[in-house]
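*Asks:* Heads up: the sequence lines are chains A and B, in that order.
The opening residue of the first sequence carries number 1 in UniProt numbering; numbering runs sequentially from there.
The opening residue of the second sequence carries number 1 in UniProt numbering; numbering runs sequentially from there.
These are computed hints drawn from the structure, not numbers from a lab.
Each hint should be verified, as a subset may be incorrect.
Only some residues are given here: those of chain B computed to face chain A with a beta carbon under 8 Å [to be verified]:
(1) Ile15
(2) Thr21
(3) Gly134
(4) Lys135
Just so it is clear, CB atoms sit at the ideal spot from N, CA and C, and this is done for glycine as well.
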Amino acid sequence: MTTMQHVWIVLGVLFVLLNIAAGLIWVERRMLALWQERLGPNRAGPFGILIVLADTLKLFFKEDWIPPFADKWVFITAPAIVVASVLMSFVIIPFAPNIVVADLNIGILFFLAMSSLGVFSIILGGWASNNKYSLLGALRGASQMIAYEVFMGLSLMGVVMLTGSFKLSDIVAAQQDMWFIVKQPVAAVIFLIAGIAETHRLPFDIPEAESELIAGYHAEYSGMKFGMFFIGEYLGITLISAMMTTLFFGGWLGPAFLPPWVWFFLKTFAFILFFILLRASLPRPRYDQLMEYGWKVLLPLVLLNLLVTGGIALWLRDH
Amino acid sequence: MISHVRTIWLTFLHIFKKKATIEYPEKKVELHPRWRGRIVLTKDPDGGERCVGCYLCAAACPVDCIALQATEDENGRRYPEFFRINFSRCIFCGYCEEACPTYAIQLIPDFEMAEYKRQNLVFEKEDLLINSEGKYPGYNFYRVAGMEAGVKAKGQGEQEETPVDTHSLLP
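Chain A extracted, bound-state conformation:
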């Protein structure tokens, strides 16, 4: 590919992703409403789609207040980190056979590394706010993300074992005959749970438990800096959905009557809708329950899954 093609892919991916993140504001509100037997936004524009514009304008025109007691530069940087780190993770995702920004040999490792950088955003945001509630929210968020990252990585190792590569395009290609959801169902479920916790979406939105911690780590944020945290969250949902699609649901593979990128988009969108459905249905666990569930249930389970997968892979190689 020429340099110009690379540039166009980068710009295109960036453009699509940021628009998806904004569009999810509408999708989420509308779908949540439907699942709660309401109609949701339906006034601004067709089907209320202009609510995105209204929300964005509101965020821009709100007073963008930096508390005088906050550590100013860290306070400003924190929301940017989450958006940047999530956007960086998208670099490795193959949207279609030739649409990928950088098909790294260590794709999965890069994804894990970038998603662990997201924790800085929470911790720095909570700390720089110089507010006890924010700090407590940040601590919760950080411990949750670290706890769930441990087996998020481990759950992917089964897939890596079966493929023999960290490269995402290889992983997609390896699912030509059978999607990994069939071979690795436990890993898929655990990855999904860890992914939800990683994007701190409901039901695992412990860091922003409004009843005890106001809004958690972003309690002092306002205006577009607050909006950045939410764009980060929506990008995170998209990222986890895209990873689920790539790793367990055959990525861009699909019957030939639709182009590959459409298959990728459809699968990803189905997962995004599932994320929203989860928000509509499940209650939030207590903080200690969340940690207990992670360390005492999911971690042993994922290790067992790894052991069994490894055993079967070895047995298959010898026979």
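Given chain A, work out where chain B should sit, using these hints.
*Replies:* Frame of chain A, contents of chain B only:
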């Protein structure tokens, strides 16, 4: 875990259910007669003001949003000189209606009273007084009251006996 999956599935099924949203400005909400909305002052069947300025509504009001001043006309009939309700304070509890001995003050099923200026929510007597008997048609306080106030003569009221001539009772 199974109960969680079941919950998710049941929530998903809600997408096919009928929506509870009422698209308000186009479609009006059905309000029941006892709905406690905008407060009005009603009139009796003769067209006179029912309010007798007893201050019971103002006393019963938990947020002190009612202000009035009672006065009398030439017949000795009491009426409020001014009657003011500050709807920016009103909580629509209906205590004023409960307290009113003459059915004058009533809460009606109407909530469409948004204003751009807070001052516009202060309703004076001319805003409150309506030309209707409200929820209690046919009731006229001065017809059952014992006193004479230009509505009926002494002893002419409903369920009222004519005054006894105390001199005729003498032994």
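*Asks:* A separate judgement is required for each hint: does it hold in the structure or not?
*Replies:* Results for each hint:
1. Taking 8 Å as the C-beta cut-off, the interface hint given for Ile15/B holds, the closest approach to chain A being about 5 Å.
2. The beta carbon of Thr21/B comes within 4 Å of a beta carbon in chain A, closer than 8 Å, and the hint placing it at the interface holds.
3. Taking 8 Å as the C-beta cut-off, the interface hint given for Gly134/B is violated, the closest approach to chain A being about 35 Å.
4. Proximity of Lys135/B to chain A is violated relative to the hint, the smallest CB-CB distance being about 33 Å (cut-off 8 Å).
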